[in-house]
Structures are given as C-alpha cells and as structure tokens.
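Engineer: The lines below spell out each chain.
2 protein chains.
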Amino acid sequence: MDATANEARQRHPLEGATALTWRDGLWIGQTNKDYWAFVGQYGGATAAVLLRAALDHPDRIGDPLALTVNYCAPIAEGEFKISARPARTNRSTQHWIIELFQTEGDILATATAVFARRRPGFTHAVMSMPKAPPAAQIKTVALPGPSWLEQYEMRFVAGQPAFGRVPHAVPQPSDTMLWMRDAAPRPLDSLSLVAMSDAFVGRIFQVLGVLLPFGTVSLTTYFHTAAAEMTTDDGWILGHADAAIFRDGFADQTARLWSPDGRLLVSSVQTTYFRDPVPEGK
Amino acid sequence: MDATANEARQRHPLEGATALTWRDGLWIGQTNKDYWAFVGQYGGATAAVLLRAALDHPDRIGDPLALTVNYCAPIAEGEFKISARPARTNRSTQHWIIELFQTEGDILATATAVFARRRPGFTHAVMSMPKAPPAAQIKTVALPGPSWLEQYEMRFVAGQPAFGRVPHAVPQPSDTMLWMRDAAPRPLDSLSLVAMSDAFVGRIFQVLGVLLPFGTVSLTTYFHTAAAEMTTDDGWILGHADAAIFRDGFADQTARLWSPDGRLLVSSVQTTYFRDPVPEGK
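Chains as they are written, first to last, in this note's numbering: chain A, 1 to 282; chain B, 1 to 282.
Just to be clear, a hint being listed does not mean it is correct.
Note that the list lumps identical chains together, so a pair holds whenever it fits in one copy or between two copies.
[Said to hold, decoys possible] Listed below are the simulated DMTMM-like cross-link pairs for lysine to aspartate or glutamate, each with C-alpha atoms no more than 25 Å apart in a straight line: (1) K131 / E104; (2) K139 / D106; (3) K131 / D175; (4) K131 / D242; (5) K131 / D59; (6) K33 / D233; (7) K81 / E104; (8) K81 / D234; (9) K131 / D276; (10) K33 / D175.
Hints in this document: simulated from the structure, not taken from any laboratory.
Keep in mind the model is a prediction, meaning the values are calculated, not measured.
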C-alpha cells in the first residue's frame, strides 16, 4: 500500500470503528458513532472489528477465508474488549475463536474465523455477475436512517428500499441489487468487504414495505480471493442480496459482492429475527 | 415421539456417532466406522455430534437455528471430548461455543450454535422447491466410496457423480439434485438434517470429473423451521447443492434441503479446500 492509501485509511471512520489496542492479553476497542444502527453498533462494523482482532494478531497466518459472527446482544456506546485465540494452526489454514464483551462475563458477540494461505491454481467461476448498468449511469440515493447508512454511497439497480406506514398486503420482491462504495474513499480490504457484506437493509423491510424490529442473529462471510486481490479500481462493489424464507420470526439473507470486472469477492449468509407488524388500530 | 420411533433411533448408526456421556464438565463421544470419509470421520456426523453437545445440554433453550462448524484437523478413530458452553442466554435465543478434541489442547473442530424459540407468525417462502420427479419414480444408486455414503439412500435427479481418471478439459456443471434419506429409517430431526446438509460430494469432483484431495473447512447450516416440524412422511429430502466459485485451492458450496411437500427445512454453505489435479505423466 502506498503512503496516500495508508493516510486515507488513517482518516477513515472504519479505522475508528476497528482500531484496537493490545492490553493484558485482550484487544481494547471503542464503538464509533459513524456506524450506529437502530439498536447498538452496526453489525457490519462489529464483524469488521472481530475479524481485525485475528487479522492484526501477531500469530495470524494467511488471508481471511471465512468469518462467522454471532450477535448475542447489542453493543452499547463506549469501550469493548475482544479475546481472540488461535484454536488451531495448520500449515496453510488457521482457526480462531473470538469473543467480545464490555463487562467481564457478559458476552455480546462471538465469532470464529478461518485464515488460509492460497496457492495459485485451478480457477473456475460457475456463477456470473448479474447484469447491471455501470455505477456511473445511476444516481446516488441517500437513504434516511441510522448513521451507518451515511458511510456508504449507494446506487440502486433494483429493490431500492421504500418504507410506508402500512405493510403490503401482498409480499413484494425480496432482493436488492446496488452499486456501493465507502462514502469516504478507502482502499477495499477484508475489513471493508465484511462490513459491506452486512450493508443491506433487512429483507423483511423489502417484502412488507415497513420498518420492523429486526436484527442479524448470525452472519457468515466467505472471502473468495487472496487479500492482495480484494481491490477494485474505484472502490465500487456490485452487491446483490436476497432471502429464501421468512418463517415464524426468523429469515435467512444471502448477499454477494462483485468487483466491477466481474469477480465474486465475497459471499455471505445471515439468519435474522424480525417482529411481525402490529395490525392497524392495535 | 412414540415408542417405535424412539426404538428406531436407538438402533440407528447416527445414534452411535452422536451418543455422548457427560463426565467432569465435558461430553465424551466415540467415532463411528459407519460414518467414515476418505480422511477421518464424515464431516456431517461431526457436525451432528457438535450440535448434540448443545442440544442435549441441560441449560439449552429453544430449537436449533444456526450451526457453524470449523473442521480444524481430521478426527482419528476412537474417543473424543467436547466442551460446550452457553456464551449467552437471552429470552428467546441462546449462543453456544463448542470445541472438540482427542488430546488435551489439540483442537480438532470448533463450532458456534444458535438456538431460538420461534413464535408462530408471518411466513413467506420466496424460493420454491425446484421441480423434480417424485422419489418413487427414480432408482436408488449406491455410490462407491467411504462408509458414510452407505448411510444414505440416494436417488439422483441431476448431477449424479461419475468419476474418471483424467480431469475434464472443460469444467462440467457443478450442481447436483437428489432425493435422499437415511438408509436405516430414522425420524428426521436437526441431527440428521445437519448431517445431510453435508451429504453432497465435493463440487470440484463434479466439475472436473475426478476425485482429488478435498475437505470442508467451514460449514454453516441454518434451520428454517421449528424442531417439531423437521419431519417428512417417508424421510425423503430433496437436496440441491451447487458452487459459485473455485479459486486457488478453495471453493464455496451451497445446499438446500426440501421436504417433499415443498418446505425449505435447511440451507447450508461451506467453504472447501481442494488440490489441483496432477497433470498426466507427472
């Protein structure tokens, strides 16, 4: 990374949200108001700082391959601590167990991470990037809502969120496709990609057209390329999110992040909870 | 469950593979030759016993919602120990951290599990079961290979595995669709479903048409229905597996398990490693 890129990172809100200091065998971090959600910190920022706890650990080998984050309870504004330990180090893979808390014994998030050394070899893309007009041809939309939304420039290809007061009688399409990038420029890396893998509003909002109590319960993100190849020329990512099933308070959500030149950089799945809409007049 | 169902479970190989005894704060289990893979125990059986370590724990609340298993190293034949602790218990969700080892300090698998109490409410299936002729119209195929394959009755709709000595010059389709059920009848539950969510041979084998050194690195399985509704009349499940990307030694894999009446019971993703084929004559 050149000096300019490094400077850009230093200034960036994501650096604030993922800055960690090592003290007595634990990482110490601080929540960042730039990444606030309806309740507590934006899950994508939490995922990024949990990944960073392993990524910046002196014992880490290889590049991020998989990260699973379990959101146990909201993280309140202020300091938090992260314990990160390599459960196993093999020749080319390493497995981590990570836990975040603010008060001793009161776990707010758990994670497992896998790192791997890739060897150049057989490469074959089964899935192609979905067709979309280039980002330059679409207008940026500023979604109203909590502060994390301001951290991304969003240009919608399909499924732009639009919320009313009354739920749709007939469920609407659940998918969203958009170009997005960091609002404040920053070279893409595994930290920004994992944050972006959560940067889709709840699919239940799309389907019912209303905001409801909602949260990610567990998020799994896979990185499909070596760290050195996680860049795109202008920072744009084509994101495509969808869901398969909403049932009895829980739903899944899938997301894929593509580089403009058609490489699948990241895919993620999450399981989410939601509360049913309250019928009118209640 | 009625007495007959309970008896069937007692006799079933999956009971052997997932039987656990509590001793000094740890679960003690035993590998089962019925679920053997090319190297070590079949990953689906390992996932099932890790889930069971939380499921059968006296502190557990709710039904399985999400399970992530990280395969750190092969499990050798014999006894293993599992530590399972609830990292957090909320009113309606519970988060677990689970570790498996055979020798103290030598972790072979890690897992996180989420359990949840579902409340009947808004239900909407976005994705429909893929079209397939009924299981009764398709012949059972016994795939040659390690013992775990014998535990499932498999009837292929598409993508039946067929392996040669020389890799295809042009990559072949990566997906497989099949009806499957436990070869020895057993009522479906979260344990058998998680085992089945891994019961697809590596997608790299389909694409290249050869067997290669291959393994699951991390497997995430979501349960989309309450435990009481994880049954199907005759035990059949329509499974559909695919991959999006093979790149530099690693690939993803997705799988969905449907009940014959069209309910999505389980979806899973995994990240896998593979070795490139050795060119002929080397």
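Engineer: For each hint, tell me whether it holds in the structure or not.
Structural biologist: Consistency of the hints with the structure:
no., hint, verdict
1, K131 / E104, "neither (49 Å within a copy, 52 Å between copies)"
2, K139 / D106, "neither (44 Å within a copy, 54 Å between copies)"
3, K131 / D175, "both (14 Å within a copy, 22 Å between copies)"
4, K131 / D242, "both (16 Å within a copy, 21 Å between copies)"
5, K131 / D59, "neither (41 Å within a copy, 49 Å between copies)"
6, K33 / D233, "neither (28 Å within a copy, 52 Å between copies)"
7, K81 / E104, "within (9 Å within a copy, 27 Å between copies)"
8, K81 / D234, "neither (34 Å within a copy, 50 Å between copies)"
9, K131 / D276, "neither (34 Å within a copy, 31 Å between copies)"
10, K33 / D175, "neither (28 Å within a copy, 44 Å between copies)"
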